[in-house]
Amino acid sequence: MATLRLGKGAERRSAGGRPSLATRIWRDRWMYAFILPGFIYFIVFVYVPFLFNIIAWKDYSIFQGVRASPWVGWENFERLLTDQDFHRALTNTIQIEALQLIFAFPAPLALALLLHSIISDRVKRGVQSIVYLPHFLSWVIVIALWQQTFGGAGFINQLLANQGFDRINIMGNPDFFKPLVVLQSIWKEIGWGTIIFLAALTRIDTQLYEAAVIDGANGRRRLLDVTLPGIMGIIILLLILRMGSMFSTGFEQYFLQRNAVGPEAAEVIDTYVYYSAFQGGDWSFSATVGLVRGAVAAIMILGANWLARKITGEGLF
Amino acid sequence: MATAQENTRPGTAVGPLVVPTPTGKRRRRSSARPIWMEEPGPLMKAAKFLALAFITIIMLFPLVYVVAVSFSSAKDVLGGGLILFPRNPTLESYEAVLRGGVVSRALIVSVLVTLIGTAAQMVFTTTLAYGLSRPTVWGSKVVLFVVLGALIFYPGLLPMYLLVKELGMLNTYQSLIIPGLISAWNLIIVRNFFMNIPQELTDAARIDGASDPQVFFRIMLPLSKAVLAVIALFYGVGLWNAWFNAFLYLSDNTMWPIQNVLRTYVTQGISVAAAESFAPGQAPPPAQSIQMAVVVLGTLPILLVYPFLQRYFTKGVLTGSIKG
Numbered sequence: 001m002a003t004l005r006l007g008k009g010a011e012r013r014s015a016g017g018r019p020s021l022a023t024r025i026w027r028d029r030w031m032y033a034f035i036l037p038g039f040i041y042f043i044v045f046v047y048v049p050f051l052f053n054i055i056a057w058k059d060y061s062i063f064q065g066v067r068a069s070p071w072v073g074w075e076n077f078e079r080l081l082t083d084q085d086f087h088r089a090l091t092n093t094i095q096i097e098a099l100q101l102i103f104a105f106p107a108p109l110a111l112a113l114l115l116h117s118i119i120s121d122r123v124k125r126g127v128q129s130i131v132y133l134p135h136f137l138s139w140v141i142v143i144a145l146w147q148q149t150f151g152g153a154g155f156i157n158q159l160l161a162n163q164g165f166d167r168i169n170i171m172g173n174p175d176f177f178k179p180l181v182v183l184q185s186i187w188k189e190i191g192w193g194t195i196i197f198l199a200a201l202t203r204i205d206t207q208l209y210e211a212a213v214i215d216g217a218n219g220r221r222r223l224l225d226v227t228l229p230g231i232m233g234i235i236i237l238l239l240i241l242r243m244g245s246m247f248s249t250g251f252e253q254y255f256l257q258r259n260a261v262g263p264e265a266a267e268v269i270d271t272y273v274y275y276s277a278f279q280g281g282d283w284s285f286s287a288t289v290g291l292v293r294g295a296v297a298a299i300m301i302l303g304a305n306w307l308a309r310k311i312t313g314e315g316l317f
Numbered sequence: 001m002a003t004a005q006e007n008t009r010p011g012t013a014v015g016p017l018v019v020p021t022p023t024g025k026r027r028r029r030s031s032a033r034p035i036w037m038e039e040p041g042p043l044m045k046a047a048k049f050l051a052l053a054f055i056t057i058i059m060l061f062p063l064v065y066v067v068a069v070s071f072s073s074a075k076d077v078l079g080g081g082l083i084l085f086p087r088n089p090t091l092e093s094y095e096a097v098l099r100g101g102v103v104s105r106a107l108i109v110s111v112l113v114t115l116i117g118t119a120a121q122m123v124f125t126t127t128l129a130y131g132l133s134r135p136t137v138w139g140s141k142v143v144l145f146v147v148l149g150a151l152i153f154y155p156g157l158l159p160m161y162l163l164v165k166e167l168g169m170l171n172t173y174q175s176l177i178i179p180g181l182i183s184a185w186n187l188i189i190v191r192n193f194f195m196n197i198p199q200e201l202t203d204a205a206r207i208d209g210a211s212d213p214q215v216f217f218r219i220m221l222p223l224s225k226a227v228l229a230v231i232a233l234f235y236g237v238g239l240w241n242a243w244f245n246a247f248l249y250l251s252d253n254t255m256w257p258i259q260n261v262l263r264t265y266v267t268q269g270i271s272v273a274a275a276e277s278f279a280p281g282q283a284p285p286p287a288q289s290i291q292m293a294v295v296v297l298g299t300l301p302i303l304l305v306y307p308f309l310q311r312y313f314t315k316g317v318l319t320g321s322i323k324g
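Sequence lines, in order, name chains A and B. The letter at position 225 of the first sequence is residue 225 when you use our numbering, and the numbering goes up by one with no holes. The letter at position 300 of the second sequence is residue 300 when you use our numbering, and the numbering goes up by one with no holes.
With the rest of the complex left out, here is chain B (with noise of 0.2 Å):
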């Protein structure tokens, strides 16, 4: 193995990539003007210079509003002014839905179900990728050919629901997770990938007496540290963000992953106040300003990725999911 591990030396050449990450390397673009290009007039530099600010404020406001909201005392809500900043910040909405509650549990069980659920999906994309990576392996066409098909069938809402059903896995926590596994298309992102890393590093191993899990563990998963992560963000992201398959699986609710809390008492319109248990004698924060903290707690986890997800995306979105 010492061959396969001296070729593993970060920055080892590795094809061309998926999804590519220059980050090391930021491309300093020059912010001046060609020479070709004419001055634009003053009235064309407002236009443009309104258009973007509007465009700015309206994708925005409803986020810097809600934020606004949740951080807000009753007196500043139930004053009905408007606001957009809490005058008054406080953090009672905060401590009131994170007391133990429903929307306590629900954030508990979205983190455990993201965390398991992406750790799950990372391992199956990963070794089918991997088996898949080698054309030389008999059959392995027709197993690809089989998992492109998922990527045109769809077998449909009631199919999928009769499955669930008869694997018992109805009310269950794995219902959330397995039914959608492994991605067909960060499946084959993965073995694109996989496909790259070169040939020389793999034969070296194997010529020291390597066999197919130790390459696939030593060479294969370290090279591709930059791509997993991102698909593991992917996933992460689609896990957190999903609902409909726990409306449709958990008739439990207290099962319930907070997007499903919240569309129950945010987009449906009843009341988070009724749900959760106040510290007694003391007036419940408004019902609107609970509504917003559980709006902001579903989005933190998003933000605090969001620097990531772009990052890497803002390059590899047309190569990675396009080309390839």
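Looking at chain A on its own, in the form it has when it is part of the complex (with noise of 0.2 Å):
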């Protein structure tokens, strides 16, 4: 059940005496051979870099290179408490994401239920295969999909000047942007979550529900005692490491429309990292929240697999 099978048939060559570690290592010299490269990668790309967090206890410049720089101790820590631009990126981000949890996170449930309720395969098959599709466009491509649909130009606010109303603005609308992201996601992802939740659903007992109608279960004391109980497993399991990736989504698709909308609605804690270091100048302090950020999120993850495990006995790890 779990993704790793670490030391699982170790057991093969348990026959005779141990061979001596310089022996194994010579006789698996080609199974290095194909780690080497992989490792290498590993290393010099999710853990080097790590060497330039120490920016966040410097005052970086650009010009003078992560040596020369002047260090200052603990001094960017500090300014997170204090930082006006860092703390409505935090709650920016904390609201968004609470508005995806809330929203986003149902939606999926929702459409699989209704689907499984349906009884013909064709329809079932051709919703999924349409609502499926825009998990694989990139967020550049849907972005300009609402825009030439929502956007001032689009398909609403001709039809609204077509017939002698005002445009309205929706895409560059601060008032609306949080509200717009959560079904931006939704339009985007819904399918995803939506295939992931009916292959539960179809792996239900059907006995269950001859013995529900047997005890008299009308349609909804089925979905309240059979469906619903049914797939609580998997529901808290998508939930938990929903809430686990918390800070690590979404990252694109704000940055996409932070300018649009101006960054006191969509400043995230990601796109103020990018915009602090590239426009303001400020690569030392952007350091030190990308470096808490990136804790956080671990210590997230982390959590969010434990407790999954806890509750349900499956994790991702």
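Source of the hints: derived by calculation from the structure; they are not laboratory data. Everything numeric in this text was worked out from a predicted model, so none of it was measured. Errors might be hidden in some of the hints.
In the DMTMM-like style, the derived pairs of lysine to aspartate or glutamate whose C-alpha atoms are separated by at most 25 Å in a straight line are [said to hold, decoys possible]:
1) A/Lys124 x B/Glu39
2) A/Lys124 x A/Glu189
3) B/Lys45 x A/Glu210
4) B/Lys141 x A/Asp28
5) A/Lys124 x B/Glu38
6) B/Lys45 x A/Asp121
7) B/Lys48 x A/Glu189
8) B/Lys48 x A/Asp121
9) B/Lys225 x B/Asp252
10) B/Lys75 x A/Asp166
11) B/Lys141 x A/Glu314
12) B/Lys48 x B/Glu38
Simulated coverage check for chain B against chain A, where a stretch passes if three residues somewhere in it have a Cβ under 8 Å from a Cβ of chain A [said to hold, decoys possible]:
13) 44 to 52
14) 58 to 64
15) 113 to 127
16) 143 to 157
17) 201 to 214
18) 237 to 247
19) 290 to 300
Label-pair ranges, simulated between beta-carbon atoms [stated by the list, open to error]:
20) B/Phe54 x A/Asp121: 14 to 22 Å
21) B/Glu95 x A/Val123: 38 to 46 Å
22) A/Asp205 x B/Pro222: 37 to 45 Å
23) A/Ile40 x B/Pro198: 30 to 38 Å
C-beta: ideal position from N, C-alpha, C; glycine also.
Two chains, each in its own frame: build the complex with the hints.
Here's what the structure looks like:
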């Protein structure tokens, strides 16, 4: 069940005496050749970059370079407590993520339940094929499609203008930003979640339904007593994992639309890190924010995984 | 090697698949209502129908609209009427952007980065997955933990940028491929698949004197074609859709792939018409149609592979990414 199967198959050569380490290494020399390039990749591109986080304790200037920039101790970390822009980004992140969790998370569950109640296999599969498609489109394409539909010169506004109404600026209005990104997330990812939930729904033993009907359960009771308990495990698992990845998702989506509505409504932690470094020149503080965000994300992923394992008996690792 | 080859016949049983792809045996589910389920009332039926129709339209509408505009003539677009299908279909916009300007170059960049990148990713993913597929190799467990760390730790945007800069990869196409060369998820899926290939096959090959590379090329890869196809599609879609690395690492925007060009011209409202050269003495196609043509071109490869993506993933999504 677990993703990893460490040590399994280790028994394969247990017969006879264990060869010496040198012999084993020489025997598997080709395996090391297979491992080496990928291993180097992970070291260089996942672990070595952490070294650059040292600029969080420095006053880094891109002209001086990492080594020559002066040390400043924990100054940047202290600034985390007082910096207004960072706090705004943090607030926006938490608000958007909360909205995503409340609205975007249950949406595929609702669609899956609806599709599950449809008898016709053809309708079921047809709808799935359609709702699943946007999952594979890039955020650039998705935003472009939305802009053409809801944007200033888009379809909706054309329609309004033709009917003699005023145009409304949906994509560029800071007040609409948060609900808008939630709707976009639903539009793009509802199919993905629906397929996961549907797979879980079809795995419920139909005998349970038959037994429930014999006991006189109506549709609502069957939903509450058979269907939902039957998929509760996967709901909890996905919910916890979603919470674990709270600070790691949505960057491209928010980044692409940040300038259209301005930072007041759209600045989240990840976009803040980018803009305050590349446009504000505030590299060291940005790196500090990024470092803390990475640490929080890692803790949340590990914590969520631990929780999922504890509650459902399954985790990602 | 005779034994090995005999055993690599198609259809050789290969453990529980990580990404099960029952392409051949589509289960025929009956579309009949189970006897215990009551027939919903007409109101309920209508509500369900409306809900599904609404969802389908919402999902499809933007795509249909964009395709329609991209094929529309100047007269229809500038006339201000609503376009749901091109009344006077024309390829003007496509001709304009494919004539060899910014968009054409970006498309070529995207195609090449996607093809070369996917190939490189597959090589490095499969080799590492094979190297880690035999737990008896001394030290492989440590390497595996190093790989898994990538699922948990993200060094951050600025450190990645500084690394790429230090490595001298800014403004090179390598920077679009190498920083994301191996996905730890894909690696684990491939490794699990390799580990599920029956021991007897590899043992038999070894008895016949096959070396580890020979086992890899003659047994592992041929037996994993299906899962490798899925992973390659995954990687390919990812590379085609990627834009942020190019945005971050390529300051020279003549090097940009199509997604970045799309971002500049469509979502930032900068006119693509200004950047393209048009046939002299001819009115250029409307800016909106040109933009839509770029959107369609940026989406097309995904639409082309979508049937495969869907077939492989509808079943494999859960078992592949969550369990394994």
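Do the hints match the structure? See the list:
With a CA separation close to 17 Å, the supplied pair A/Lys124 and B/Glu39 stays within the 25 Å bound. Simply put, A/Lys124 and A/Glu189 have alpha-carbon atoms about 17 Å apart, close enough for the 25 Å limit, and the pair holds. Between the alpha carbons of B/Lys45 and A/Glu210 the distance comes to roughly 22 Å, so the proposed pair stays at or under 25 Å and holds. Between B/Lys141 and A/Asp28 the CA atoms are separated by roughly 14 Å; this keeps the pair inside 25 Å, and the hint holds.
The hinted pair formed by A/Lys124 and B/Glu38 meets the criterion: a straight-line CA distance of about 19 Å does not exceed 25 Å. Simply put, B/Lys45 and A/Asp121 have alpha-carbon atoms about 16 Å apart, close enough for the 25 Å limit, and the pair holds. Distance restraint check for B/Lys48 and A/Glu189: the Cα-Cα separation of roughly 21 Å lies within the 25 Å cut-off, and the hinted pair is therefore satisfied. For the proposed pair B/Lys48 and A/Asp121, the alpha carbon gap of about 15 Å is at most 25 Å, so the pair holds.
Between B/Lys225 and B/Asp252, the direct Cα distance comes to roughly 38 Å. Violation of the 25 Å bound is thereby established for this hinted pair. For the suggested pair B/Lys75 and A/Asp166, the alpha carbons sit about 24 Å apart, so the restraint of at most 25 Å is met. Straight-line distance between C-alpha atoms of B/Lys141 and A/Glu314 comes to about 22 Å, which keeps the hinted pair within the 25 Å bound. A C-alpha spacing of about 15 Å is found between B/Lys48 and B/Glu38, which places the hinted pair at or below 25 Å, so the restraint holds.
With a cut-off of 8 Å between beta carbons, the segment 44 to 52 of chain B has 3 residues touching chain A; three or more are needed, and the interface restraint holds. Counting residues of the segment 58 to 64 of chain B whose beta-carbon sits less than 8 Å from any beta-carbon of chain A gives 6, enough to reach three: the coverage restraint holds. A count of 3 residues in the segment 113 to 127 of chain B with a Cβ less than 8 Å from any Cβ of chain A is obtained; the coverage claim is therefore met, three being the minimum. Counting residues of the segment 143 to 157 of chain B whose C-beta lies closer than 8 Å to any C-beta of chain A gives 14; at least three are required, and the coverage claim holds.
By the rule of at least three residues with a Cβ nearer than 8 Å to a Cβ of chain A, the coverage given for the segment 201 to 214 of chain B holds, with 3 such residues. Check result for the segment 237 to 247 of chain B against chain A: holds, 6 residues qualifying (beta carbon to beta carbon below 8 Å, three or more required). Three residues within the 8 Å Cβ limit are the bar, and the segment 290 to 300 of chain B against chain A gives 5, so the coverage statement holds. Evaluation of the 14 to 22 Å hint for B/Phe54 and A/Asp121 yields a pass: the beta carbon distance comes to about 21 Å.
One distance hint, 38 to 46 Å for the beta-carbon pair B/Glu95 and A/Val123, holds here, with the actual separation near 40 Å. Between A/Asp205 and B/Pro222, the C-beta spacing of about 38 Å keeps the proposed range 37 to 45 Å intact. Evaluation of the 30 to 38 Å hint for A/Ile40 and B/Pro198 yields a pass: the beta carbon distance comes to about 31 Å.
Comparing the model with each numbered hint stated earlier shows that hint 9 is the single one that does not hold.
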